[in-house]
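Peer 1: Position chain B relative to chain A; hints supplied.
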Amino acid sequence: MLQINEPNHRIAKEAIAVWRISSVISQVIVLIIGGALIWASYNFHWYAWIPTVLWVLLGIDIVYACWEVTIEPKLKQKYWRYGISEEFVKIKQGIFHKSYTVIPMTKVQYVEAEQGPILRKYKLHAIHIGTMTSSHTIPALQDEEALQLREKIAHLAKLKEVE
Amino acid sequence: MEPKRMHPMKIAFLFLTTLKNSIFVFLYLFVLHFNDVSMFIKIARIIFCVFLISRLIAIIVEWWKTTYVLTNQSIDVSRGLFRKKYSRIPLERVQNIRWQTPFYFQPFQLTILLLETSATDDRASVKLVGIKRDEAKRIEQQLHDFKVAKTTDIPDFAQKDDESVQAEQGEERIVHFNPTRKDVIKASFLSFSFLAFIPILVTLFKNMEDVVDIEEQAEGVFAYLTSSWISITITIFLLVLIAITFGVVRTYLKYGKYEISSDEAHIYIESGVLSERAFTIRKENVQAVKITQNPLKKLLGLSEVILVSASRDDDEEAVNSLYPYLPSKRAQTLLEELLPEFQFTSDLQKLTKQALIVRMLRLPWSWLIATGLIIWLKPEWWFVSPILFIATYLSRFFNYRNTRFVFQQQFIQMKTGGLWSTVFVTNRKRVIEINMEQSLLQRKFGLSTITTYNRTKPYHAETLEDITIHHAEDFQNWYDQRREEIQIKST
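Line by line, the protein sequences are chains A and B.
In terms of numbering that gives the first Met the number 0, the first sequence opens at residue 0 and continues consecutively.
In terms of numbering that gives the first Met the number 0, the second sequence opens at residue 0 and continues consecutively.
Chain A with its partners taken away, still in its complex shape (with noise of 0.2 Å):
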C-alpha cells in the first residue's frame, strides 16, 4: 500500500505449516465442542431453535475453518513484512485489510524470543516487542534470526529519548 521505506523483511516460510497446525488443532476442539452442543441439545430436549443456531454456526464455523487451514496462512506469510533499522522497528502485514505500524526504537520497552511446542519442531521463534502502549509480534523467524534480531532490538532499544 505505501510505497517508502517499506519494510522488507518476510518471515519462515515455515510459518504456513504452524498456523495451519495450530489452526487444525484449535478446529478440532471447536467441533468437538460443537458437536457435543448439537447431540446435548437433541438428547436433552432443549428449545428447538438451539439446535438450529448451533448448525447455522457450526456450518459458518467450517466454511471459516477451510479458509483457515488451505489459503490464509499462505497469504498470510506472502505478505506479512517487518524491517528494523536504527530509529524504527515497522510491521506490516493484511490480507484483505492491511495495517502497517511504526515505533520508535526509543520506545521499544521489552523484547522477548518464545517458542511453543509447534514452533520448536519447525526450529522457529516467535518475537515480541513491548512498548508502553502495546505489544506487537512478529510469529516465525527461524531460530537463528529470531535470537540475533532480538539481541539487535533490545541493544537498540537501550537508548531513550531526553523526554
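These are calculated hints, taken from the structure and not from any lab test.
Think of the CB as a built atom: it goes at the ideal place given N, C-alpha and C, for glycine as much as any other residue.
Treat the hints with care, since some could be wrong.
Unchecked claim - Quick list of in silico lysine-lysine cross-link-like pairs, BS3-like style, CA-CA up to 27 Å:
hint, chain 1, residue 1, chain 2, residue 2
1, A, Lys-77, B, Lys-443
2, A, Lys-106, B, Lys-282
3, B, Lys-126, B, Lys-84
4, A, Lys-106, B, Lys-146
5, A, Lys-97, B, Lys-428
6, B, Lys-126, A, Lys-157
7, A, Lys-75, A, Lys-97
8, B, Lys-428, A, Lys-91
9, A, Lys-151, A, Lys-91
10, A, Lys-159, B, Lys-456
To be verified - Facing chain A, a subset of chain B residues (Cβ under 10 Å, in silico):
hint, residue
11, Trp-364
12, Ser-365
13, Ile-431
14, Gln-437
15, Ser-438
16, Leu-439
17, Phe-444
18, Asn-453
19, Pro-457
20, Tyr-458
21, Thr-462
22, Ala-471
23, Gln-475
24, Gln-486
Peer 2: Positioned in the frame of chain A, the structure of chain B alone reads:
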C-alpha cells in the same frame, strides 16, 4: 523526619463519602419504606446500620494507622493495622498535583492533596486527605525544588545560593483567564439543555396514565397529578424550574470562580466557589491538546479545551479540562499563550470525494441491528427505523464535511466528528507509535486510515479515517522525520 498523621477531619471526609455512596439505600430503607414494618425492611435496616458503624470503625483505624513522611527523594506512606503496607513514591515520578478542598475543610485550613504519577496501578498516586494547607504548600514547593534541581542538572545545586533558587521559583505567574459574568451566564445557559426532555416527559406521563390503573390508585398523589392536563403542566413546569435552578446553581458553584494561570514550566487551574479545587500540571507532561464542541456549544461559540496527560481520565472530579465553556476564539489564543509547543493552524486539508463515497457505501451495522430488533420486538415502532437511517447518513455526511487534517513541521492536527466535533493537536515527539490501515473497500478507492498513539494512562489513540494513500504516505514520511528531532539520553 517524624511520620505524620492526617487531620481527624479525614474521618469526616471518608464517612461522608460513604454516606454519599449509600444514599439510595438510605432513601429506600428509611424514606420510601418509612411506614413499612415488614421483617425484610427491619433486617435490612439493621444490616445497614451495622455496615455504617463498622465502616466508621474501619475509617478511624485507617486514619490512626496511616502516616506519611516526605523525604528529599520520595514520599513514603505507611498504612494498615494487621497487614502493614509501605509505599514509596519517588518525587521525580510525580507528574501532576491536584488540590481539592471540600467546603467543610475550609474552616480548618485543610485540604486534600493528590500527587499523580504516570504509573497505571492504584499505587500510582498518593492521596493525602486532610492535611494543613501550609503543609500542602510545603510539599508542592519541595516537589518544585526537586524538579528544578533535576532539570537544571547542576550537580552542586545544594551550594547554589539562595537568591538564584528564589529567582527560579519566584517566576511570575501570569493569569490568563478569569470567566466574566457573561461567560458564567452562558455556561449556566448550557444547563438548560434538558429542556429538550419536556416532550419526552409529556409522552411519558401520558403513557403512565395507560399503564397505571387510575381507579385503583385513585387516592394516590400520582393519580391526582395525572388526573388533569392543568396539574400535569404545573408539575412539569415546577420540575423544570427546579432542574434549571439546580443547573444554574451547580454551574455557578463549579465554574463561577475560575482561574487559569501559568509560569515558565506549569499550568495552574483553580476553581470552585464553595468546594475548591486546584490542579497543577507541568507543561512538559501535556501530551496533546483537544478542543471539543457539542451542538449547543457550537451555537453559542463556546468550546472546551482538554489537556491530554497522564492523569486519570475516568475521574469525574478531574480538572483536565482548562475550562468547559471557553469562548472559541479565546480558546486558541489561550493555548498559544499556555502551550506554544502545540500550534493550531487554519490551513487544513479536506477529505476527497472518494472518502464520501466510501463512507456512504459502508454497511450501517448499528442501523441494521436496530431495525432487526424493532421488527422482532416492537413492529409498531417501525417509524424509528427510517429516522435512524436518515440520522446515520446525515451524520456520515457531516463527519465527512467537517473532517480536516494537516501534518506539517512537527505538528499534526486532526479535526473529526460532525455535530460533536473534536480538534486534536499534538507534535511528532509526543507521538509514540503510529498505525496505518487499509480495508478492501478503502483500497478500491485509494484511501487509508491513520492512527496516532500518545502516552497517557496507558495511551490515547486518535484515528483519522479515509484520507488518500498519498496523504498517508505524507503522514509516514512526517513521522520518519522524528529521528531528526529527538535527543538521545547519554548513558
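Peer 1: Return the status of the interface hint for Tyr-458/B: holds when the least beta-carbon distance to chain A is below 10 Å, violated otherwise.
Peer 2: The hint holds - Tyr-458/B has a Cβ within 10 Å of chain A, the shortest such distance being about 4 Å.
Peer 1: Holds or violated: are the alpha carbons of Lys-126/B and Lys-157/A at most 27 Å from each other?
Peer 2: Not OK: Lys-126/B and Lys-157/A at ~34 Å, beyond 27 Å, violated.
Peer 1: With chain A as the partner, please determine if Ala-471/B meets the hint condition of a C-beta pair closer than 10 Å.
Peer 2: holds, 6 Å
Peer 1: Given the proposed pairing of Lys-151/A with Lys-91/A, does the C-alpha separation stay at or below 27 Å?
Peer 2: holds, 19 Å
Peer 1: May I ask you to test the interface hint for Thr-462/B with respect to chain A, counting a Cβ-Cβ separation under 10 Å as satisfied?
Peer 2: violated, 13 Å
Peer 1: If you draw a straight line from the CA of Lys-75/A to the CA of Lys-97/A, is it 27 Å or shorter?
Peer 2: holds, 11 Å
Peer 1: Does Lys-146/B sit within 27 Å of Lys-106/A, going by the straight-line distance between their CA atoms?
Peer 2: holds, 23 Å
Peer 1: Are Lys-126/B and Lys-84/B close enough, with their CA atoms no more than 27 Å apart?
Peer 2: holds, 15 Å
Peer 1: If you take the shortest Cβ to Cβ gap from Leu-439/B to chain A, is it below 10 Å?
Peer 2: Holds, because the Cβ-Cβ distance from Leu-439/B to chain A comes to roughly 4 Å (cut-off 10 Å).
Peer 1: Let me know if the C-beta of Asn-453/B comes in closer than 10 Å to any C-beta of chain A, holds or violated.
Peer 2: holds, 9 Å
Peer 1: Should the interface hint for Pro-457/B be scored as holding, given a Cβ-Cβ cut-off of 10 Å against chain A?
Peer 2: holds, 6 Å
Peer 1: So, as I understand it, the hint says Ile-431/B touches chain A; can you test that by seeing if any CB pair is closer than 10 Å?
Peer 2: Where the cut-off is 10 Å and the nearest Cβ of chain A is about 5 Å from Ile-431/B, the hint holds.
Consistency with the previously given hints fails for numbers 6, 11, 12, 17 and 21, ordered from lowest to highest.
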